[in-house]
Amino acid sequence: MARRSVRLLASIAAVATMVTTFAACGNKQATTDENGKPIVNILVRRNVTDHPMQDTQYTKDLEAACDCTIKWQEVSDNAWGQQKSAKMAAGEFPDIGLSLFSMVDAAKYSTYFEDLKPHLDKMPNVKKFLKAQPGAAKYVTDGTKIAMLPSDRGKGYEVSGTHMFINKTWLDKLGLQMPTTWDELENVLDAFKTQDPNGNGKADEVPMNIRSLGFGLWSPLALMNSEGVVTSFMGGGASEQGYYVDNGKVKSYYTSDALKDVVSYLHGLMAKGLIPKDVLTRDASQYTSQTVSDGKTALTGVSFGWSNYAEYGNALGDQYVTLPPLKKDASTPDFQVKWDYSQDACRWAYSGSGLTVNPNAANQDAIYKVIDAMYGEKLSVAGFFGSIPDIVSDDGDHQYTIDKAKAYAEYPDTRAVALQDRFGGWIRDDVKMVNDTNADQVTASDLAIREARNRVDGVKDVVPIYVRPDTEDSNTLQNNNTAISNYANNQIAKWVQKGGIDKEWDAYVKKVSEPTLGLDANIKIWQKWYDKYTK
Amino acid sequence: MEAAPDRKKPGLLDRIADHLRRYWQLWILSAPALFFVGLFSYVPMWGIQLAFREFDPTKGLTGGKFVGFKYFLEFFHNPLFGEIMTNTIRISLWTLVMGFIFPIILALLINQIGSKKIKGFVQTITYMPHFISVVVIVSMLNIFLTPGTGILGRFFGDESLMGSTSAITAVYWISEVWQHVGWNSIIYLAALAGVNTSLYEAAKIDGAGRLQLIRYVDIPAIMPTCAILLIMNMGSVLNVGFDKIYLMQNSLNMPATEVIATYTYKIGIINGQYSYSTAIGLFNTLVNFIFLITANAIAKRVSDTSIF
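From first to last, the protein sequence lines are chains A and B.
Letter by letter, the first sequence follows residues 1 to 535 of the numbering used here.
Letter by letter, the second sequence follows residues 536 to 843 of the numbering used here.
Pulled out of the complex, with its shape left as it was, chain A reads as follows (with noise of 0.2 Å):
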């Protein structure tokens, strides 16, 4: 008897923990906190989420602005692309998204992103922002709709996002002289690998290190810019699958010759023993061991990054400065020398996501409180850098003073103690920040390329960031271009590796714009959509 109870409690006990777990899944949140204040939920994608946003100051001065409770969630990078596809079809948006959709994201679920411009009434901040910015206004304006608001990171961050970096004190050491073309680039990686620059002895300098081959940040395909052919490598749009515009006609990296050239070079780099063999098939932490390395002893000549501290670490940055764009041989005009323009997508289009809303969340009202408040001057810095008074202090007439020990504890940035280039605000030009060093190490890098990247003509060189085809073509390029980059992303990666590109070239042109697989489609289409948004 005894023990037939207890078989038909367990029984009992297993169908009720059944029963419950699907209960949870039909919970409603709760709209209002205990002493009936609207809660407002954030979702926001951060690199480090060990230092939760939650307990900031800042978030109880943007409670106090918007007299509501504020809920973060946080999600780091690769959860968050793991998760997004499934999140968008399943329908759960936050009530506030930080850096999390696109606008390509935004015109695929249009009725899950609220048109924000009916309540710019509400968020003066905002609306001053954007006349203040018009290039901003321009990026998040879908005909008359604004569906996500881009951020402002200020004009410290109004830089390239690939920069050419090149050992310094080991030029010094050989006595050789700052390289401008190609081919002097050469015969320093050539010095560098043969005169041990670093001295320790051994044969362990790697003249030049690249991460990968694609069209993406930190691409040694950048060097196509030597030619003319304009990159922009950051924020998705076209510069990313591959399409350039030259002199208002869209083209193609894939069939430039600039391509043929800058892959032959480094061909010819690798097959001398300068560029490290495996750089294509190796585990990703080999890279950052021979470029950051020991901290003592540089390893790396010439490489593509950020910031050279952010690329060498802080120990070894100084060794290394930004390498003006080289030309591709001496008898290049001036010119044509040019620059990755990705600036306006480092300033305002982080990842080209922003700041989102979604219409059904419970409480609209407190909502864009609480966005107008994120962008107000105060708690936009706050939301980059750190906290006031904590980690940032306010001295007066516009200008912050960040506290190098409190911020810079574990990154030499403020991602631990801040939202920092995830968050939504507007970092006046007004602003001084005082020890942004992130800031000042890359405009102090960017500046050895800003003569170069002036001569790009934003509208007639690239595909601005604002021009955005529709949802139907966004398939039909994206489908294309997973058919051509993987026929040709691995033409490229062979040629660099073992070489033939002089035979093979013409073979691969014109299998490359075979109707099939949709390379003259995709010009078609950005065609399209550049005339429309640039005429």
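Bear in mind the hints are in silico, worked out from the structure with no lab data behind them.
Note that the structure is predicted; figures quoted are calculated from it, not measured.
Among these hints, one or two may not hold up.
Derived pair list, reagent style DSSO-like, types lysine-lysine, alpha-carbon separation capped at 30 Å [stated by the list, open to error]:
1) Lys801(B) x Lys528(A)
2) Lys122(A) x Lys524(A)
3) Lys600(B) x Lys524(A)
Starting from the known structure of chain A, fit chain B onto it as the hints suggest.
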């Protein structure tokens, strides 16, 4: 059940009621399993219609416009279709065949070991790698095959085999066999342990040597097990394990490593084109199903063993 000739044939409901009265304990026993299979295998099939509809996030999974075979045709006309199919079949067939043969050989060999201690030791050592996670395995491959310094890479010139389109299939199935051979041989060892020892004695009296014992006693003994396992493996002939091949991909070996699973992932999860990736997944399942049925029919005819 045969009804008595003089009684009227009972109706369907009566027969069900009778059946339940007799066997209700068995039904209760299997109810959780039936519920589990039903919920997780049959209910989701409702979503298969997504392959025939244009996915519209505002209308839910089943609300989109009906477009028939549009997404299937899109896949068949995709320039990558041929490449993806050959890669999938090449990699999975190599893995299937080698992963089938080697455990049998290992089991037969281990069975020959006299000492119980050594037998147990060998068995443990060979099935250990089964518990290493795929991520670690692929990292190990990367490190082992590093040109110049890797314990294997040093013999293959200055380029890693991980970047070779011709070698990557071999790298895949050899590492796969190495990892799972011990584990998969356990079931054969169990079958071998069940062989009646009098059979060995009789064969020995008839003058059979060691090889002949294997040929005429061991192999026939494990044959039914082999057939069942082969049929079950055939059911997943197009299922190259996603995680491993995805981790092994790089820009150099891509033409040989893009398989249905990785392509579906890129189209569906990354690009968010659910209808298209559902269509590809459904096509994959259909092919697997056909393989399973065929293998089962062949096995039934040839060796009289089959799963249904």
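Query - Hints violated by the structure (listed by number, smallest first) - result: 2
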